[in-house]
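There are 2 protein chains.
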Amino acid sequence: MVNKIAFVGIGRMGANMARRLKDCGYSVAVVQDSREDAAREVAEELGASVATDLSSVTAAADIIFTVVTDDEAMRAIFAQDALLQHAAGKIFINCATVSPAVHEEIDAACREAGAHALEACMASSITQARDGTLYLMIGGEEEIFKQVEPLLLDLSASLRYIGPTGKAAQVKALVNMVMNINTAALAEGLGLAQALGLDLEMLCEVFSQTGANSRVLETDAADMRDRDHDCFFSAAHAAKDSGIANALAEQASVKVPLSQATEAQYRKLIELKRGELDKSAVAELTFPGRL
Amino acid sequence: MVNKIAFVGIGRMGANMARRLKDCGYSVAVVQDSREDAAREVAEELGASVATDLSSVTAAADIIFTVVTDDEAMRAIFAQDALLQHAAGKIFINCATVSPAVHEEIDAACREAGAHALEACMASSITQARDGTLYLMIGGEEEIFKQVEPLLLDLSASLRYIGPTGKAAQVKALVNMVMNINTAALAEGLGLAQALGLDLEMLCEVFSQTGANSRVLETDAADMRDRDHDCFFSAAHAAKDSGIANALAEQASVKVPLSQATEAQYRKLIELKRGELDKSAVAELTFPGRL
Numbered sequence: 001m002v003n004k005i006a007f008v009g010i011g012r013m014g015a016n017m018a019r020r021l022k023d024c025g026y027s028v029a030v031v032q033d034s035r036e037d038a039a040r041e042v043a044e045e046l047g048a049s050v051a052t053d054l055s056s057v058t059a060a061a062d063i064i065f066t067v068v069t070d071d072e073a074m075r076a077i078f079a080q081d082a083l084l085q086h087a088a089g090k091i092f093i094n095c096a097t098v099s100p101a102v103h104e105e106i107d108a109a110c111r112e113a114g115a116h117a118l119e120a121c122m123a124s125s126i127t128q129a130r131d132g133t134l135y136l137m138i139g140g141e142e143e144i145f146k147q148v149e150p151l152l153l154d155l156s157a158s159l160r161y162i163g164p165t166g167k168a169a170q171v172k173a174l175v176n177m178v179m180n181i182n183t184a185a186l187a188e189g190l191g192l193a194q195a196l197g198l199d200l201e202m203l204c205e206v207f208s209q210t211g212a213n214s215r216v217l218e219t220d221a222a223d224m225r226d227r228d229h230d231c232f233f234s235a236a237h238a239a240k241d242s243g244i245a246n247a248l249a250e251q252a253s254v255k256v257p258l259s260q261a262t263e264a265q266y267r268k269l270i271e272l273k274r275g276e277l278d279k280s281a282v283a284e285l286t287f288p289g290r291l
Numbered sequence: 001m002v003n004k005i006a007f008v009g010i011g012r013m014g015a016n017m018a019r020r021l022k023d024c025g026y027s028v029a030v031v032q033d034s035r036e037d038a039a040r041e042v043a044e045e046l047g048a049s050v051a052t053d054l055s056s057v058t059a060a061a062d063i064i065f066t067v068v069t070d071d072e073a074m075r076a077i078f079a080q081d082a083l084l085q086h087a088a089g090k091i092f093i094n095c096a097t098v099s100p101a102v103h104e105e106i107d108a109a110c111r112e113a114g115a116h117a118l119e120a121c122m123a124s125s126i127t128q129a130r131d132g133t134l135y136l137m138i139g140g141e142e143e144i145f146k147q148v149e150p151l152l153l154d155l156s157a158s159l160r161y162i163g164p165t166g167k168a169a170q171v172k173a174l175v176n177m178v179m180n181i182n183t184a185a186l187a188e189g190l191g192l193a194q195a196l197g198l199d200l201e202m203l204c205e206v207f208s209q210t211g212a213n214s215r216v217l218e219t220d221a222a223d224m225r226d227r228d229h230d231c232f233f234s235a236a237h238a239a240k241d242s243g244i245a246n247a248l249a250e251q252a253s254v255k256v257p258l259s260q261a262t263e264a265q266y267r268k269l270i271e272l273k274r275g276e277l278d279k280s281a282v283a284e285l286t287f288p289g290r291l
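Taken in sequence, the protein lines are chains A and B.
Take the first sequence: its letters are residues 1 to 291, numbered as in the numbering used here.
Take the second sequence: its letters are residues 1 to 291, numbered as in the numbering used here.
Read the hints as simulated data drawn from the structure, not as lab findings.
Remember, predicted model here, so these are calculated numbers, not experimental data.
Cβ atoms here follow ideal geometry from the backbone N, Cα and C, with glycine treated the same way.
Mixed in with the good hints there might be a few duds.
Here chain A is said to cover these stretches of chain B; the calculated rule only asks that three of the stretch's residues, wherever they fall, bring their Cβ under 8 Å from a Cβ of chain A [to be verified]:
| no. | stretch |
| --- | --- |
| 1 | 172 to 180 |
| 2 | 184 to 194 |
| 3 | 211 to 219 |
| 4 | 245 to 258 |
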């Protein structure tokens with residue numbers, strides 16, 4: 001049987017994953033998005049149809065990728081009149097970074113409908129989606145994971161089964177929590193260096209060779225210096241993800257003052273109407289004379 | 001002329017630098033430390049004499065390395081009755097991580113005494129001191145730097161002239177500021193992961209392959225997990241260095257909420273009488289059921 005694939009939430013990530021799957025010979029049958037224009041454009045490009053309501057997405061596909069923005073959007077697409085109508089036997093692969101508890105809720109709802117849910121947490125960005133080189137962490141039933149493993153391998157450079165539902169989202173929340181702190185930390189270091197009149201290129205080279213080195217130094221330092229905040233991972237997403245981690249910490253009675261300070265910085269960017277800039281824009285708050 | 005070398009403040013760093021220089025054929029003539037026992041032990045090992053007062057250190061050497069703990073100690077050794085008596089022509093190489101302004105003060109005092117001061121800021125630890133593979137950043141007059149460059153090359157794997165007095169200390173403060181934040185961030189991530197029952201080894205592997213990667217992940221993660229806090233760089237030093245950076249930020253009106261939260265974590269360790277543990281001990285504050 002050739003699987004028919006659907007995408008719900010066809011933003012830049014979803015569209016690039018769909019393009020990649022089409023290149024690999026899969027049939028992307030149907031796409032849906034709350035912004036119908038965007039869905040129509042991608043559908044046309046891929047030769048897919050546009051679903052106007054969610055229940056028809058499920059009817060038209062065997063495997064449904066969901067790539068929505070947040071907890072609320074996830075709950076909405078899995079509400080009673082939505083994706084889970086006549087969903088028996090269907091597999092939902094949920095790619096949004098949402099709270100682990102939401103993955104558990106949706107897993108329970110899928111079981112009740114005779115369907116299966118997997119978390120597919122992505123620690124990478126749109127370029128990797130297009131190239132099929134995502135870093136994917138999967139949570140859910142291992143047997144269901146095995147069924148879709150070949151498909152997921154076509155999307156990823158690294159594919160890792162983490163454990164039961166909720167665990168992949170926990171790992172993802174921790175990755176983004178630490179990444180966001182390191183990003184805000186770099187913004188403080190470079191902003192202060194700029195205020196002191198130091199040569200930022202020299203400083204970044206020193207950082208790279210010492211205990212201050214980090215992945216975000218490679219990915220974000222030049223963008224911070226040059227104010228190039230074209231969005232790969234938005235400040236709004238960073239605020240949301242740090243918020244998920246901070247809520248987990250509160251539930252677990254773990255104190256995370258740095259992660260809270262980081263969430264506050266990203267929330268400040270949202271307040272200043274800069275939430276749609278890349279997370280590197282946190283440097284706008286620390287470089288002298290910017291915001 | 002064969003230079004005679006002195007060391008003031010012969011802790012583990014200073015002692016290892018002295019050992020390395022002796023291996024390279026230099027004459028370490030005299031050592032001094034406020035803890036006379038420690039000075040005597042190292043002097044015996046190196047065949048050096050112990051100076052009981054600071055003015056006799058200057059008399060007995062051409063090049064004097066100072067490796068003391070903080071601003072106060074630096075000011076004390078360069079006070080009127082101390083190192084700067086009959087110091088004309090002598091070169092002081094100051095290795096402590098102190099406030100940039102203190103380097104400037106001491107530079108001025110040295111000029112007045114006809115002596116020369118260089119900052120030699122080290123972004124590395126005792127192992128590198130012993131092996132002559134320090135990461136050294138030099139501030140001060142470039143001409144004086146050139147005079148001692150061969151000596152400094154014997155101590156370092158990377159030697160970099162940063163600029164006028166104070167600039168190397170600024171760079172060092174920024175390196176340690178960002179390193180300390182990243183360390184405290186990692187402690188939050190791993191502590192929360194432990195609380196959630198995640199496999200820390202798996203998590204660290206994921207961190208290493210994603211945006212959460214950092215140098216401190218390599219150096220501190222296992223120590224945090226295993227509570228192995230043998231001191232390479234103490235929590236008390238981390239508090240001091242973050243404090244130097246935060247003071248620079250305040251003077252420059254740069255907001256650094258993460259660095260402030262980091263300093264507060266390290267100060268808490270000092271309050272809890274854990275200041276002499278390694279900086280990885282910040283995880284004692286975030287792992288469930290520890291402090």
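Verification of the hints:
With 6 residues bearing a CB less than 8 Å from a CB of chain A, the stretch 172 to 180 of chain B meets the requirement of three and the coverage assertion stands. With a threshold of 8 Å between beta carbons, the proposed coverage of the stretch 184 to 194 of chain B by chain A holds, since 8 of its residues qualify and at least three are required. A count of 7 residues in the stretch 211 to 219 of chain B with a Cβ less than 8 Å from any Cβ of chain A is obtained; the coverage claim is therefore met, three being the minimum. Judged by the Cβ-Cβ criterion of 8 Å, the stretch 245 to 258 of chain B is covered by chain A as claimed, because 10 of its residues qualify and three suffice.
Checked against the numbered hints given earlier, the structure satisfies every one of them.
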